[in-house]
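Undergrad: So you can see what is in the structure, the chains are spelled out below.
2 protein chains.
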Amino acid sequence: RCFHFCKLPGRVMGIRLLRFTSVVIIVLLLVAGALTALLPTIKDDKLPNSRREPKTQSQSALDSFTLIMQTYNRTDLLLKLLNHYQAIPHLHKVIVVWNNIGEKTPEEMWNSLGPHPVPVVFKVQTVNRMRNRLQNFPDLETKAVLMMDDDTLVSAHDLTFAFSVWQQFPEHIVGFVPRKHISTPSGVYSYGSFELQNPGFGNGDQYSMVLIGAAFFHSGYLEDFQRQPEAVYALIDETQNCDDIAMNFLVAKHTGKPSGVFVKPVDIRNLEKDTNSGYSGMWHRAEHLLQRSYCVNKLVNIYDGMPLKYSNIMISQFGFPNYANHKNKM
Amino acid sequence: RCFHFCKLPGRVMGIRLLRFTSVVIIVLLLVAGALTALLPTIKDDKLPNSRREPKTQSQSALDSFTLIMQTYNRTDLLLKLLNHYQAIPHLHKVIVVWNNIGEKTPEEMWNSLGPHPVPVVFKVQTVNRMRNRLQNFPDLETKAVLMMDDDTLVSAHDLTFAFSVWQQFPEHIVGFVPRKHISTPSGVYSYGSFELQNPGFGNGDQYSMVLIGAAFFHSGYLEDFQRQPEAVYALIDETQNCDDIAMNFLVAKHTGKPSGVFVKPVDIRNLEKDTNSGYSGMWHRAEHLLQRSYCVNKLVNIYDGMPLKYSNIMISQFGFPNYANHKNKM
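Residue numbers (full-length UniProt numbering), protein chains in the order written: chain E, 1 to 330; chain V, 1 to 330.
Read the hints as simulated data drawn from the structure, not as lab findings.
Incorrect hints may have been included.
[Claimed, not checked] Residues from chain E shown here face chain V by an in silico Cβ test under 10 Å; the list is partial: (1) Asn-83; (2) Gln-86; (3) Pro-89; (4) Phe-122; (5) Ser-164; (6) Ile-315; (7) Gly-319; (8) Pro-321.
Please read these numbers as outputs of a predicted model, since none were measured by experiment.
Even for Gly, the Cβ is constructed at its ideal location relative to N, Cα and C.
Start from the sequences, fold in the hints, and give me the full structure.
TA: Spelled out as structure tokens, the structure:
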């Protein structure tokens, strides 16, 4: 309703309205100015000389990844690899899963040789279990995990490229080691690699798993892993094997698609032979591959079906190391 | 309201209700039965001996593709290629865009040499235009288009694999010929291939276009192409070139992502030298590449921005031709 103003003549009302709006505008500006002055000044509240966390604020959780490396009886290889991996672009933090029960971690020595590019956390374990590396570590701040075996050296170029591929396929295990299962007329599955016959879907080969010992995957899958049937943990503990096969089952069930995306590595090396410990890794055990076929069949029982799907997509980096890798005879 | 029934004693009402519902049910069943009898019987209304369309019903629109091949002055190559391409798995139909104005198509000869695996339609054009192949042909029944230049031979294995890749990336141009643009400090763009310097995003090369002369893409983009600014058609007509660059701009704008996915061909050949016509193709013109740089800059003007994005993903078929293509020295 329009009591006061409407009764006044037009010109007087115009002037009063103008004065009123001016006052309102000035008051608003003053309030805005006061609020701006109250804003906190941007300052870096981390000590620049802090050994442990010099640059963690600079990489956002989406643009960086956490390296999780489980280690047993190969500390010399571990330290060699840490020197390499600590400098990989987009690395946020390293989590070392220390399976050397009762043995001191090299943390003191590590700190004495600082500063380091990223924080490294040593998670001391109480039991030497293969699946220790699949815990949902509270230290994990990034969406992406890079999981590496403690005897595997992958070049920085390969890792940088594979990380960019993971960012385009975040629900998949993006890594460097493809494997497959095949089914047989008896209904029993077998696990293997290129030496097994092709699954028979057109020409060429197929893979249905990407091993997590050299791969990127979403940290959410570590959370999911905590909610699996008890029989899965029992199987991994019984065999001290197959945690990676179990993860592929988990991911395939979750996505309804092939669990992995294979990125062909340019430079991947196994440093096993270089260790002084004399310890040569689980995969040398005679029963290793048979165990893995056994695990595939057990997991099919546990999950009541075979969720793994085949893929034949192999990804390489265009024009790297040089453009010869894509030139054709056209 | 409840007049009749409610006044009746419970038992009598129950029996009457039962009778009533039984009658209703029987009537409904009779009606349903009558409707079923009226359904048309499923029959194949195509003559099994029809030369033109023997198997079109068997491939669904999602699992097959249409080959569109434009041809000018190279009928000998066209027919050689048609013999090869007509037998590619998952091919639904071939559309030949006949740019030989005033000249009879080889349709009669084609029919006399039947039967053929798939229908081939010759679309007679009235003007010899490069963009004739980008019409929204009513003959198109599939979601996927395979577009091939009339001098390009790609192996069936490559095509089958690339089609399966397209099915995983249906909004992209999935093909065998990657190209890129680079920007310069002056803001002027240049078009080229591996010989141009890398765009500088990390190591290795990048591509920002996949040429449509050997690629799969969604037929919806042909529809979209009809709705572009007039200046785009004028540019293509002026240069008799750049229709593929324009398509990449269109796709990149539509998706906000790199327009193409490069599949590294195992066996791709240019048959130019094999023609008896003496005609050697547009790309031999001295100004060809300069025209394409010119087109990139014109299209940036027309679309008021550079929509092309870089990718360095190169896809190959796992384990084909043999597993050596993915074995590593681990």
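Undergrad: Hints broken by the structure, by number, lowest first?
TA: 1, 2, 4
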